[in-house]
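Engineer: If you read the protein sequences in the order shown, they are chains A and B.
Residue 1 is where the first sequence starts when you use this note's numbering, and the numbers rise one by one after that.
Residue 241 is where the second sequence starts when you use this note's numbering, and the numbers rise one by one after that.
Certain hints may be false.
Calculated pairs, DMTMM-like style, for lysine to aspartate or glutamate (alpha carbon to alpha carbon, straight line, at most 25 Å) [to be verified]: (1) A/K158 x B/D243; (2) B/K425 x A/E70; (3) A/K96 x A/D27; (4) A/K96 x A/E70; (5) A/K78 x B/E435; (6) A/K96 x B/D243; (7) A/K180 x A/E224; (8) B/K246 x A/D118; (9) A/K158 x A/E70; (10) A/K78 x B/E434.
Hints listed in this document are in silico derivations from the structure and should not be mistaken for laboratory results.
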Amino acid sequence: MNGVENVLEVSGLTKVYGGLTAANNVDLAIPEGQVRALIGPNGAGKTTLVGLITGRVTPSAGTVRFLGREVGDMPAFKRISMGMGYTFQITSIFAKLSLHENVALAVRRRGGTTAQVDGEVRAALGEVGLGDRIEQLAGDLSYGHQRLLEIAMGLAQKPKLLILDEPTQGLSSGEVTAFKALIRGLAGQTTVLLIEHNMDVVMAIADHITVLNFGEVLAEGSPEEIRANGAVQSAYLGGE
Amino acid sequence: MSDTGKSLGLHLGLLLLLLALNWVLPAYHHGNLARIMVLAIYAIGYNVLFGYTGLLSLGHAMFFAAGMYGMGLTIRHLGWSPGPAVIAGILSGLGLSVVVGLLALRTTGVAFMIVTLMFAQSVFLTILYFTEYTRGDEGFVIQQAQRIWAGIDLSDAHNRYLAALAGFAICLMLTWFLIRHPFGKTLIAIRENEERARMLGYNVYRHKLGAVIISGTISALAGALYGLLFGYAGATFATVQYSIFPLLWVLLGGAGTILGPFVGTLFMFYLIDLSSEITTAYMLVAGVALVLLTLFAPQGFMGELRTRLIRWLP
Numbered sequence: 001m002n003g004v005e006n007v008l009e010v011s012g013l014t015k016v017y018g019g020l021t022a023a024n025n026v027d028l029a030i031p032e033g034q035v036r037a038l039i040g041p042n043g044a045g046k047t048t049l050v051g052l053i054t055g056r057v058t059p060s061a062g063t064v065r066f067l068g069r070e071v072g073d074m075p076a077f078k079r080i081s082m083g084m085g086y087t088f089q090i091t092s093i094f095a096k097l098s099l100h101e102n103v104a105l106a107v108r109r110r111g112g113t114t115a116q117v118d119g120e121v122r123a124a125l126g127e128v129g130l131g132d133r134i135e136q137l138a139g140d141l142s143y144g145h146q147r148l149l150e151i152a153m154g155l156a157q158k159p160k161l162l163i164l165d166e167p168t169q170g171l172s173s174g175e176v177t178a179f180k181a182l183i184r185g186l187a188g189q190t191t192v193l194l195i196e197h198n199m200d201v202v203m204a205i206a207d208h209i210t211v212l213n214f215g216e217v218l219a220e221g222s223p224e225e226i227r228a229n230g231a232v233q234s235a236y237l238g239g240e
Numbered sequence: 241m242s243d244t245g246k247s248l249g250l251h252l253g254l255l256l257l258l259l260a261l262n263w264v265l266p267a268y269h270h271g272n273l274a275r276i277m278v279l280a281i282y283a284i285g286y287n288v289l290f291g292y293t294g295l296l297s298l299g300h301a302m303f304f305a306a307g308m309y310g311m312g313l314t315i316r317h318l319g320w321s322p323g324p325a326v327i328a329g330i331l332s333g334l335g336l337s338v339v340v341g342l343l344a345l346r347t348t349g350v351a352f353m354i355v356t357l358m359f360a361q362s363v364f365l366t367i368l369y370f371t372e373y374t375r376g377d378e379g380f381v382i383q384q385a386q387r388i389w390a391g392i393d394l395s396d397a398h399n400r401y402l403a404a405l406a407g408f409a410i411c412l413m414l415t416w417f418l419i420r421h422p423f424g425k426t427l428i429a430i431r432e433n434e435e436r437a438r439m440l441g442y443n444v445y446r447h448k449l450g451a452v453i454i455s456g457t458i459s460a461l462a463g464a465l466y467g468l469l470f471g472y473a474g475a476t477f478a479t480v481q482y483s484i485f486p487l488l489w490v491l492l493g494g495a496g497t498i499l500g501p502f503v504g505t506l507f508m509f510y511l512i513d514l515s516s517e518i519t520t521a522y523m524l525v526a527g528v529a530l531v532l533l534t535l536f537a538p539q540g541f542m543g544e545l546r547t548r549l550i551r552w553l554p
């Protein structure tokens, strides 16, 4: 990777909405291959921060470097085509198109022949366990399966940085277990930024955790360090 | 047989049927069908933008008129022959759609509708303003002698029919290929969920611009052919009414289907034709038919057919 150590480097990132500071001077660096979890109470600014990283939200201040390049001025689609994969917190699929076409759209942007695209589509859907529903319409899937389709679309982009916004919301416990295995399987090849509420998932698959609270980084460290951190506990549990 | 094979067979079959009808139809319906095919080209152009990309334009008459006048004025004032004149018409539509696309696509939704409507009004007023050249509302006739191209008299009923069919066939198959191409599939993705398409790394703006240009250029071809084959160019074709027509045809026939534009144009044409034989209030009949279709077949003929019976219909 051209000697770049950190896939993503964010510094001083700030977003102010009227009187509300949703992200306040956030610094974040994610080395290649790491699975990084971003946690924090509701309203801590997690989704805003990810929006700033992907370019869906324009920052009030601060810089974003991706693969060693300053991407602050790039529109979202360019950052995605550079290798950011993004899955939506609120399921966002092509409901009237087949599962195959949903994933094919994710694959095709990188080019390739029809046969190559088809092969990658089947592989990605197989990985999330939807391999037997390829021709179904995405809108006919259950909510949990639509979440899995989102993840398949993220994987199919073969991103350098995969950003998952609350991927396990609405999944059954069996599906969550399969999801954990899937992400662990990516470790080392794909850098992952995971926003997650389910602490079981976070503790099981994250190499490193960043805790946000009121738009600021409250703590950062390994799962063990975060578990032992008093400030994190009080932010989550409320009060001393 | 694969879905692709069936689909190709269906569309080529329709074209062969239309070709055979050239020698079968009585004169009246023969003339009607030639007209319907040219208008269906216009609807095909409209469908690329509305049906496949999900952008509702209320100003497509400007592209139709650009083609018609690009063709008509070069014949009338420069003495061009029909071939180059039609190309001039197509290029006029291409140029106009680039300009309109670049400006109108800065807006979305209702604002896009209004902006396209306004652009079309300014094209209409421009035609009136240059009455000296365009003969304004009154329009001008393209004489029979000016409609002979490479020895073929395009005012002759059979030649006219075949020319209309050729244009229709090209545009029909062009859209058939377009929506199989990654570009066309991306347009559908944008229609279905624009934000998701953007967050898969697609340049939504550029794709929409491409759709406006393809749509406007096909509409211009329709305008050029209409003026040439039926020997008249007039400002009526640039009015709001002619922007609404393709919307109705496409809605009736099935937005986002390849055959919908043709089916809708055919249906609407004969609905008005037949009801005007019965009553002078024929627009009332047309209106009731439209209301019924909207209530019971909101996806249009081909759209309903696809949902209920033929899943592979493109």
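Engineer: State for each hint whether it applies.
Structural biologist: Taking the hints in turn, this is what the structure says about them:
1. A/K158 x B/D243: 30 Å, violated
2. B/K425 x A/E70: Cα-Cα ~31 Å, so violated.
3. A/K96 x A/D27: 40 Å, violated
4. A/K96 x A/E70: Roughly 37 Å between the alpha carbons, so the hint for A/K96 and A/E70 is violated.
5. A/K78 x B/E435: 14 Å, holds
6. A/K96 x B/D243: Cα-Cα ~18 Å, so holds.
7. A/K180 x A/E224: Holds, at about 18 Å.
8. B/K246 x A/D118: Holds, at about 21 Å.
9. A/K158 x A/E70: Satisfied, since the Cα-Cα distance of roughly 21 Å is no more than 25 Å.
10. A/K78 x B/E434: Cα-Cα ~15 Å, so holds.
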